[in-house]
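With the numbering used here, the residue at position 269 of the sequence shown is 376, and numbering never jumps.
Think of the hints as simulated: they come from the structure by calculation, not from any bench. One should not assume that every hint holds.
[Claimed, not checked] Subject to a maximum C-alpha distance of 16 Å in a straight line, what follows is the list of computed EDC-like cross-link-like pairs (lysine to aspartate or glutamate):
(1) 215 / 285
(2) 287 / 388
(3) 299 / 283
(4) 149 / 388
(5) 261 / 283
(6) 141 / 285
(7) 237 / 398
(8) 261 / 329
(9) 288 / 372
(10) 287 / 260
These numbers come from a predicted model, not from an experiment.
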Amino acid sequence: MSSDSDRPVDLLEEALGSRARSSKPVSRSHPFAKKDVPSLAKYIESDACRQIYLMLGVSTSAGIPDFRSPETGACAANLARLKLPHPEAVFDIQFFRRNPNPFYTLAKELYPGKFRPTLTHSFIKLLSDKGLLGLCLTQNIDTLERRAGIPADKIIEAHGSFATQRCIECKRPFDDTEMKKIVEEERIPRCKTCKGLVKPDIVFFGESLPPNFYGALAKLRDADLLIVMGTSLTVHPFASLINTVSGKCPRVLINLDQVGGIGSERNDLVFLGKCDDIVRDLARGLGWEDELDKEWEETAKSLDNHETPHEPPEKDKVDEAKEKLEHELEKITKNVGSALSLIEKDGAGVEQTEARSGTGSGTSNDVEVRRETIPELPKIPQTGEEEGERDPEKNE
């Protein structure tokens, strides 16, 4: 357990000085002609924008439960039977020491290789390839940034990640391959030296943030643009980073909800919606859309062979849904035509039989009409009902 003098809030305030304590708005320049995506694209293309810094959530759009809400997602049923005192206990270091089983139940569901990076992750990789990425600061523990191909020296994992692990007693590193095997087999990893519990290098409640997080604070002063995506900005000290950039640096929020006070200053931009959709619009404005799609296709290689990737980006989903609907409508048209033809044929047969019998009110004993079974019409899929479609999630 860290001492009071090493608390994250104290270290953050020391690094930021009075700005971390003050809520007074910073006077910022205004580089955008309009507060829209084309204006943002134009600024990114300009000589004024050389270093872009990002603060990320965005993993829930890849199907991963929120770091602070393990009661959601595929792991919910497994965690429910463990009878935790509260959902967050699974990430509490003292609880982990007493009972590591709930954490490793969750870890099996979240382990790297089961989830694919999103289109947003691929956009950040493009920024890096083009020499525009200063740093990517992420709250995520899932390593999707690494799996998208973003260089490790450009990533600050503020809450740690599953990328490495070590003994919580002697701090000796533990082998990656062996760790993955043990987690998949639902066993508890133990240090081979001291028999202590092994834990991924994830920051649990009650632990200090990694040193490189605080080392990144000074670098944020060099940012020409800060983009905040897919986060609620409720967890400190990460949330405080939006106030560390200089007064000349524009701030952009891409999120489902407006958070963190971004939008209150004259050069703030706010785009509300799904991160992947807005990022695609931005890539299109930059002339990068084809590169973005190719980059995202490459992320399929980051999945374990036996895993199924999450649904494709929005553009591909729309095309797929349209094709499926057109196919269903074609089937319906054929089936209706067939059914009407049978009805007309049977109606004609009845009239001819009645005419031959000389009566228009025959009983079932008077005539025998052979009727074919009318094909059942398929259900027309409604928008949002396609297989694999999910309600918009919170992009965190």
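Results of checking the hints against the structure:
no.	hint	result
1	215 / 285	14 Å, holds
2	287 / 388	38 Å, violated
3	299 / 283	14 Å, holds
4	149 / 388	13 Å, holds
5	261 / 283	22 Å, violated
6	141 / 285	53 Å, violated
7	237 / 398	11 Å, holds
8	261 / 329	14 Å, holds
9	288 / 372	50 Å, violated
10	287 / 260	24 Å, violated
In terms of the numbered hints stated before, the structure departs from hints 2, 5, 6, 9 and 10, listed from lowest to highest.
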